[in-house]
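Enquirer: Just so you know, the sequences run in chain order A and B. Be aware that the first sequence starts at 1, since it is given in the working numbering, and climbs by one per residue. Be aware that the second sequence starts at 1001, since it is given in the working numbering, and climbs by one per residue.
What the hints contain is simulated information worked out from the structure, not anything from laboratory work. Check the hints yourself; a few may be wrong.
[What the hints assert, rightly or not] Computed cross-link-like contacts, DSS-like style, restricted to lysine-lysine with a CA-CA straight-line distance of at most 25 Å: (1) B/K1155 with A/K329; (2) B/K1164 with B/K1116; (3) A/K372 with A/K299; (4) B/K1116 with A/K605; (5) A/K302 with B/K1037; (6) A/K307 with B/K1155; (7) B/K1197 with A/K605; (8) A/K329 with B/K1069; (9) A/K602 with B/K1116; (10) B/K1121 with A/K409; (11) B/K1121 with A/K599; (12) B/K1170 with B/K1155; (13) B/K1164 with A/K599; (14) B/K1121 with B/K1197; (15) A/K494 with A/K531.
Only a predicted model underlies this, so the values are computations on that prediction, with no experimental measurement involved.
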Amino acid sequence: MELQKFSYDNRITRNFAIATIVWGVVGLVAGLLIALQIFIPSMNFGLEFTTFGRTRPVHTNAVIFAFVGNAIFTAVYYSLQRLLKTRIYSDRLSKIHFWGWQSIIVAAAVTLLAGFTTGKEYAELEWPIDIAITVIWVIFGWNMFGTILQRRTSHIYVSIWFYIATWVTVAVLHIFNSLALPVSFLKSYTLYAGIQDALVQWWYGHNAVAFFLTTPFLGMMYYFVPKASGRPVYSYKLSIVHFWSLIFLYIWAGPHHLLYSSLPDWLQALGTTFSVMLIAPSWGGMINGLLTLRGAWDKVRKEPVLKMFVVGITAYGMSTFEGPMMSFKTVNAISHFTDWTIGHVHIGALGWNGLLTFGMIYWLIPRLYNTKLYSNKLANVHFWVATLGIVFYAVPLYIGGITQALMWKQFTPDGFLMYPNFLETVTQLIPMYTIRAFGGALYVSGFFILIYNIVKTIKVGSFVAEEEAQAPALHSESETKTQSESWHRFLERKPIRFLIFATIAILIGGIIEVIPTYLIKSNIPTISSVKPYTPLELQGRDIYVKEGCYNCHSQMIRPFRSETERYGEYSKSGEFVYDHPFQFGSKRTGPDLAREGVKTGKIYKPNSWHYNHFIDPQKMNEASIMPPYPWLAKKEIDIQSTPGKIRAMKMLGVPYPENYEHQAIADLKAQADSIAKDLAAAGIQTDSNREIIALIAYIQRLGVDISNKPEKK
Amino acid sequence: MHINEDEKLKGSNEVHQEVDDVTQIKYFGGHEFDGIKELDNPLPPWLKYLFYVTIVISFSYLVLVFIFKDDSIIQRKEYYKEMAAAKAETEVAVKEEAGKAAAQPLTQEQILAAGKTIFDKTCLVCHGRFGEGLVGPNFTDEYWIHGGRPEDLHKVIVEGVLDKGMISYKSQLNETQINNVIAYILSLQGTNPPNQKAAQGEKFVRE
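Same shape as in the complex, but just chain B:
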């Protein structure tokens, strides 16, 4: 690296005594290039020290990585740590949530509203905005491929129907959310939206 060059350059006797009128600083070298002169200013000290500081920081970091193989820098270990912390955190939160839910159950309207929010984020991609069916089956008619009871829907959402492209949502939706969205889906029965997909599966008669 070339940090100390300006020290060496000081020794040079090339410096002429010509001076810039405006700043009263000496020109360097007594030469010019197409009329351009260069001043004999030293490096601004703050810049020099900034450079030293970044070098020191950088090399300390490299020592941590290469010699101490510090855990906080190995990203695989960082990831395990993050996951463990998240797991501990969510366990507590889930318990609290369950306590709250038991104390103050949602009204039917709130359940349907919560279910719609989930549906609009997740389900509409394949089942259409109004549940009319797109790649996935129609939710508004009386025909169901895997059964029309809430527990049938629950099974499909949790386990998925992988061969047909329905993935498992157990890692994306919690139990309450699943139940909310089932309630919403079942509320779509008979809404008769436009562009419905043709019936698939068995006619399901609700008791």
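Bound-form chain A, shown alone:
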């Protein structure tokens, strides 16, 4: 058989690896910043761009899409070429992919800090960036499938199964969750409303974890663990079973983010059960990773790369066990809205994604530079610092989360909340937040050790841009076909059919869950007293979204005694039908706001309180950890955008009266004047055209509609 000569492109791998490191710094430092902000309000620096509500999305987006994203591409571009014995399909597509992705990240960071956001977690980016992501993702897929189709191996290896599933699922999730109606260059309203939006968002959000943080990393694991250990993969059969069951089951589990919300019971039940069924498929990956190291444990003791893999894979096993546990409604009743969730995701992010990425970088860079790692000792130090960092990060959050949940739920014997002031349950957590920040700082400092080590390694080595290789041409089909081939072996020879099957597997769950909420009316019973927002409230809501209030405040009262006693009537799905986007939130660093505007309610505050509180929360309560928002009293409402926004809402089905857009500005001004007058009566002089007026109007509307009994009209 004649050997063909070709070369692997290492430039693209190297570029993505360096981008991984650069964005890793940004993502981790942003994480440390918000960990400090949460207990030291002055760390918000009094600037609108650096307040928690905007820096937290920068942290999550930077870590997920910049750090982990670039790590995925590093792994794919390196392993794909070698597993398929071919050069990457197109150097030009690689370049467009690389620079396109980096530009998207820069655009994301800038727009998020400037307050351009859709208000949907992990999908905050506005529509032009969403379109750019779609284009670049298609280019990535084009390059990947181009490479697969020109391969010199008959079958595709398990890593590539995971890459294929990742590619198609992320495309589907991103496109459907991002569908929105633009109202201006950097502002849009999602097509979905309220509960439907929440369902689509968490179908996306959960599977961003599944198909961005998990499946590509399993692909990475299946390549780098055997390569670094020199051991065969433990079980090919396990690969097949856990791959298909994982991708089929994962897509159903999104509703577990909405347990005890006003999502219909049947959807919540699917969220719980499919999460439970995910334990074994997830562990299949862990087992196949760990048992691949059988016979290499002596190596693990010496090699920091393998140590990182072992702890990373173990962290994966831990968080994929914990996740289903948190999907039980009884556990979720405690864990949801607390720091438990934050601890949980960081076991995955710092352990699984972080350590696997670090291990890959330590293994890869010396090979790209044809040298040895500068210091194995420093890599060992990094391993220990990172591992300790994870422990110091997660443990206090578990303690804090459970403590706070129990305090929320504690009643006195005669039936009153033991801690009626929400703030009391927050100040209790400050020591835990301090330890968490210490853990985070450890983890960050470990990353700086990595940077030093890698820079030193690169300096010693010489970069191998083109790595020579040779392999025989692919046999003709008749030669590769064996007589009694299993169906899966057949599929591994047919990547396009593989793609189609994977697509079907991931579509089923989404279709069954999402479509009935649109078609079957009983899923979202309407409430006749719920009316569209006034123009001023709509503007205020946009400010609420812009400032990222949802990062700390929920708007979803669960049907628990401890919540209805604290906040008022539990939330109903019919209340949210005009909410584009929904703002349920996922974490209560501050209290729930769903009934904030109900005058006869339990948490009502006058306009003047809100005014003073926005300007300086610590003046109203010195223990408060909310950042001040003084610019709200200075910046003017963008009144001219009102008619366009009303028109957009009407297109989305919000029933404003005919031609209301012409009336909207006058109505807005009238309502703003009345709020300014009320503030003046309380001794606060302010112009009625300020953002703070709109935000107060929105806050005072929250929960009001449902408390208006229909018979009053």
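Once you've looked at the hints, dock chain B against the given chain A.
Expert: Below, chain B without anything else, positioned relative to chain A:
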């Protein structure tokens, strides 16, 4: 679902007789990818059974929800149950509490201490840490908007002054707590803390 695949795969004659030196387990398929080989291990049985068990549990739960529409899973009904149970429980506790309080009344000092605890949790948000007034009126001067008698304060706490932002606290404070906090508020008269809010309402002369 793909549970039985490993059964089918057993029939495949692709399995080569090559063996891993360390574990003595056969390689699968006689192929390798960039030097990576795969072993022909079956699924660990415990993992397989764990998978079956989770499937059985999950489907039983779904049957309960979809077919039997079990009350314990419908969250609205769960809530009613929780509220009814709490109501029954607190009624008993309130009676006991009242009995105890009658048998052993608190000293004035204890009353003020209890009142301060409530004030620090609830009232200071609007009335200031020392009662000096913030959004809400000053408690330390002699001027009262709704009257300065204990029964006036009681009325404001129970009913609220909704138009001005004072909510009703009847669902958050019991009768004893309300009386304790009133005693504490009235004890603030004349304490003259810094940053006092200007007087509001009528001067009230205590008899």
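Enquirer: Each of the hints needs a verdict: does it hold here or not?
Expert: Do the hints match the structure? See the list:
| no. | hint | verdict |
| --- | --- | --- |
| 1 | B/K1155 with A/K329 | 41 Å, violated |
| 2 | B/K1164 with B/K1116 | 23 Å, holds |
| 3 | A/K372 with A/K299 | 17 Å, holds |
| 4 | B/K1116 with A/K605 | 21 Å, holds |
| 5 | A/K302 with B/K1037 | 23 Å, holds |
| 6 | A/K307 with B/K1155 | 67 Å, violated |
| 7 | B/K1197 with A/K605 | 18 Å, holds |
| 8 | A/K329 with B/K1069 | 16 Å, holds |
| 9 | A/K602 with B/K1116 | 21 Å, holds |
| 10 | B/K1121 with A/K409 | 16 Å, holds |
| 11 | B/K1121 with A/K599 | 20 Å, holds |
| 12 | B/K1170 with B/K1155 | 10 Å, holds |
| 13 | B/K1164 with A/K599 | 10 Å, holds |
| 14 | B/K1121 with B/K1197 | 20 Å, holds |
| 15 | A/K494 with A/K531 | 54 Å, violated |
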